[in-house]
Structures are given as C-alpha cells and as structure tokens.
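Sequence lines, in order, name chains A and B.
To convert, note that position 292 of the first sequence is 292 in the working numbering; the numbers rise steadily by one, no gaps.
One rule links them: number in the working numbering = place in the second sequence (from 1) + 411.
All the given hints hold, so there is nothing to weed out.
Simulated DEER-style distance windows between Cβ atoms:
1) B:ASP486 - A:PRO244: 47 to 53 Å
2) A:ARG300 - B:LEU582: 28 to 34 Å
3) B:THR583 - A:ARG300: 30 to 36 Å
If you are wondering where the hints come from, they were derived from the structure by calculation, not from laboratory data.
This structure is a prediction, so every number in the text was calculated from the model and none was measured.
Where a beta carbon is used, it is the ideal one built from N, C-alpha and C, also for glycine.
One-letter residues, chain by chain:
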Amino acid sequence: MLARLGKRQGGPLRATPRRKACGVGLSLHGLLWLALLSPARAEPLAIHYLERRVERPTPLNNEDPIPDDEGLKGAELGLKDSNATGRFVSLNFTLDSRVAAAGEDIRAAFRTLGERPRFVVLNAPAEDVLALADMPEAEGTVFLNVGAPDSRLREADCRPRLLHVLPSRAMLADALVQFLAYKRWTRILLLSGPAPADALYAEAVRKSAKKFGARIVAESRFDPQGGDTRDTALREFVLPTRGPEHDVVAVADEAGAFGANLVYNTAAARPVVGTQGLTPAAWGRPVEAWAAVQLQTRFRRLAGRAMRPIDYAGWMAVHALGEAAVQARSTDPEKVAELVLSPRFEVGGFKGRPLSFRAWDGQLRQPVFLLWPGAVTATAPIEGFQHHRTELDTLGPDEPESACRAFRKPG
Amino acid sequence: MSRAAPLRLLLCAGLLGLAGSAKSQEIFVSNERDNTVSVIDGATLEVTRSFPVGRRPRGLTFSRDGRTLYVCASDSDAVQVIDPDTGALRHNLPSGEDPEQFALAPDDRTLFIANEENATTTVVDAQTRKVLAQIDVGIEPEGMAVSPDGKTAVTTSETTNMVHWIDVPTLTAIDATPVGQRPRAAAFSADGRMLWASSEIGGTVAVIDAATRKVVETIEFAVKGIAADRLQPVGITLTGDGRFAFVALGPSDRVAVIDAKTYKVLNYILVGRRVWQLAMTPDETRLFTTNGVSGDVTVIDVATQRPIRSVKVGRFPWGVAVRPASGTSERSAGAAP
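The task is simple: from the sequences and hints, build the whole structure.
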C-alpha cells in the first residue's frame, strides 16, 4: 500500500502549469499555481517511511497487542510537528508510507518509493536494513533506522548514511546495568528465551555487566515451547531461577513469550529486570518529565493509543529531519543531509538534553528510561557515570572501542 | 492532626501580619504539584500563608495595584482571578486550553496567554473577560512577554524553537525568529530595544534586536564540574538600569549573572535544585528563585550576588511574582513587565 500523508504543495503537475503560465498567458489555473509557487515556498522535503510487516506473537496476558501502525504513527506526528514549525519559515515536508508484506523483497518495495529517495525512515529487521543500505540505487539515501536494535548495525555492520534513532541493545543493557551498579545489585542471574533476538539481548547484558563491574553469577535458558506459562508459572520458573546468591534475575525475552509471568515467580525473592520487569527503553507510557507529557498527549490525540519506543523513534526521525531543515533554512536534501550527518547538529527530543548522532557510528545519543509499567524508576545515564564529552556517551560503545569504520574519514 | 488546622493557623498569622505591617512586601509562589500558592513575607522571609488554587498552577502575575492576582491553572484550563489578601477566587478568565504562562500588557488589562497544548496564544481582556483573539503560533508556546510600549508581544514555542512576534494593535503574528532548542522564557529590556530569550536544551540565551528581530548575541554558559548539557537556561530577569541579567540554569542549580551590556557571564550563584523562574523586588535588592526539585525558594541578595536564605514552600514550586505595593509596577517571572 502506498499512502500519501503530507500536504503536497504543487505535486507532480508542477512543471506543466508553470510553462503554460509563461507561454500561453495567465489562465486562472496558472494564477493558482503561481500563487502556490511564490518564490518563498521551497520544494517540500520528501520523507519516506518504509516498513517490513513482521509476524507478532499473540499477547499472553491480555496486553494491548503491538499495534500495526507502530512507528508509522510516530512518523506521522513528526510530520505534523515539522509542518507546524516549517510554516513559519516557509518550509514544508511530505511523508509517504510503504509497508512490505512478510515474504516481499524489501528492495522491490524500496524501488516503488520513486527515483532516488533521499530520506527513508526504516522500520525493519537488521537483514532488511543491510539489504537496503547496500543497494546501488540507495547510494544517495539517508536511512533512519527506527526498528532494529541490533548492536551489529552500529558496529561491524555499520554503513555510512545509516543513522539509528532507536537505541541499540548495547545502550539498553548499559542503561540497565548502570542502574544495577548504582543500586549495588550487581549479582545477576541471567535467564534467556529461545529466540535469536533473546540471545542478542543476553549478550548485550553480559557485555554491559563487564563494562560496569557487575557479575553474571549463573545463566539458564527457558523455552516455553508453545506451552501456556500462565497456568504453570508458579512451579515452572523455580528451577530456571534457582542458582547461586544473586540480586536480580535478568530476563531476555524480547517477544514476550514468558517474561511477564516470570515476575513474582522467581525462586528467590528477587526483582526481574531486562525485557520484562524493570525495563530499559527509549520511551514508555509513564514518561512525563521535560514536557514529555505534551508529546504523549499529541501522540494519543493522533493515534488513539500510548506512544511506544518505536513510535518515539519514528517521531524523532522525522522531527530530526524537520529540525535540520529549519536550522539549515532549506529543504534542499543536500543541505539537510549534510547537517544531519554533521557533528554540530543537535535536536531536542523531550528528554531534557540535546540529542545528536554519534559521529563514529550514526547512533542517536539519548537518555534511556528504566521503566516498570507504573513509573519511570530512573533515567540513564545514571548519576555518577561520567564522560568527558557528554554522560550520554556512557551508553553504548564509545568512540575508542567502536568497531564501526564506515563513518571515519579515510586518512 | 488534620491538614486544615495548621493551614488555618498560617492563614490567621498571615492576616495578622498583614494588619500589623501593611507595607510589608509579599512574594507569591505557585506550587505546581500541590495546587496551592505560597506567600512569603519579604521582611521575615517566611511563608505566612498558602491557599488552594486550580490544578497545576504555573505562571502568576499581579495587576499594577497589587490587588488582583492572576494564576495560570494549567490543568483547569483557566486563568484564575484571585484576591491576594484572602486567596478567594473572584472568577475565572477564559484562557484557552492548558495555559502555562502569560504576560499582562502595560494597559493593565490585556493578558497574553501561552496555550501549551494547542499551539496558540490567547489574548484576553481581563476587564470584560472576553477573548480578543487566538493567534496560531509554534508548537508548545511557553514564554510570553509584552514590550514596555505595549505594541509588541512575543511568545516562545518550545518544539518549534522560535520566538513569535505579535503585533498588538492588530493581534496578528507578524514574524518568527528561530532560536536555540526549546526556548522557555522571554523578557524585554526596560528600554524595549532588546528581547532576551532562553533556550533550555540549546543551553543558550539569545539577545534579539526588537527592531530587526535578528539575534545579535548568543550567550553560552560554563560551570566547572558540571556537564554542559545540564546548564539549561529557563527564567530571565533584567534590571531596570540595563546593567544586569539573571538567568536560572535549571538542573545545574545555578543562577547566572550576566553583564547586560557586554553579555559576559560574571558569576554563577548556587541555589536550590532545578531552578525554574525568577522574580526581583521593585527596588531590585532581592531576587527570588523557584527550585522545582528541592521544593523551595532561594532568596538572593542582589548587591552581593549571594544566596541569603532558602524558604521551603510546596511541591514543585514553579512561578514566582512579587506583589506590587499600590501604584508601583512589578517585575515577575512568567509575566514580563
């Protein structure tokens, strides 16, 4: 499906009426177009939203299902905000969305976006992200990743012009372990689910534990094997959470196959942290400080539901492009891309700090919230974790240890 | 013990105090989370009384004669008109949705109200209680100020990151000046030639020539041992002689003192936690700051630029205004002169 969301001034017919107006004289039509084309009105900046539809598990405990428009609604709000701002400086923006079905070739979907799409907000798994970034046709495209938390996309598999608005698993795990270190809850029992994503999450927790001086005292795996853990949780989780003395049980269950039922069902009376329990996330329902409540309200008005981390990333991606255009006073894609990719670009994001893209891996540096469904328990970077540039760079790989080379200038 | 008893005691003490020394200066503070206003006695620097107001009170200001208090009750979607002596609500003014801050024009009756949630500035005549206009501005309008000659009003928009200029005679938005990320407060110099606007996330204060509407200076801040992104300018107060500007720096817990002629930062004054807004007494000897996280007000001696007292008020103190004695004009936060 291809949906046109933005207000388009002019549109594809633009060239014809202009010629007509000059050559044949001013018809009423021509006048109308001329009015729309007054010199102050620049060509709109075209932003595309491309998503891969992925199969999602049925909610276990009657949670709200992951909405089909997760990400897209955030991008739409970003467009609304950008146009509301842009009108004061005669800049405007358009957004169209394209969702690729489960078996569809993502590259074919990309080709339907039109000739040389310059800015693509991408909500798709890591393999899709790489397939697109490596297309010759995408040479001039800036991708803004809002759906893939995979750390490798910011490390060995990073690409120039591939920006990451969503925090990586490494950033999320760093935020969590900073919190644990601050609380001195540093003995972690790590319980992983069977999915590949769970293994990646668990690996991120291991790395963060090493980075901040916490310890994985035991590891176990749990596979619900399609079984219904709701009935058996009381007994079932005792064994996998039995182990040496620990302060927390960290769970890696990204799809939510069992983690929610683990809470209060551990062998020892220990909090559950990770993908369930106390969760590190870029955004969430209880976030309200730094005027976040305004963004939450605007989003709820538009989408009729709460804003989720991928929605926030979608909003932030379009907002960053809009803000770059306003700062550059231009919707010229060249100028916008140059500014967004430059280290001097800073943008607000309702997190109480200026946000910017890291020059070494394209990751948006940003605070990460530690949430349980009732409240923001803490916001990372946690006080005490210092960095010479900005404390935000204590989350995720820092410049010296980054494996990304794509952003470094040769020589 | 019930909550009402100490409140009543405080109230009585306040009224008695008022009767005893009618000239004593009073400082009013809105407590965003408590839905109350605390009143500090300017001589004793103690809270003499507090009274309930609408939900989520933020900006507050006085009529010229000090006999009327206006409070933005954001979550009640109203500007409340209150008797400052008794705390009694006289009536509500139509304010548009979610009023956050406002400025009273020099005519003492036209209120310019920033409606944070729907990107408008509402203009209300406080006497006829009629809405004169609703003007489209950028997303999340916040700071409001009216020029001393009353001809120009400005509002800052936190997400659009601009200062919007409103022509008062026609009540239309005529221009917008982009400034740093998340502009909060705006204040005109006493001569009306310069507009100062703080950018919380940008970490800067822009000084804008009010005639050309161009930024002429961008002031930055630096405090040893504090990360640059914690220096977040919010409230601004300027002295009448044009010598100094005071800028609240949010979570750095500091107020910057700036030479208003050279734009050099002269000093940083340590105050309570997450300092929001500022208000100066008309004689410009004392400066009061609201500290949102520590729930108190720091009193600064302007001559020595030192904090002299911290006064516990309610939860999340937000706005602060010095009640003018009869006949004098006033200077306060969220309500530029």
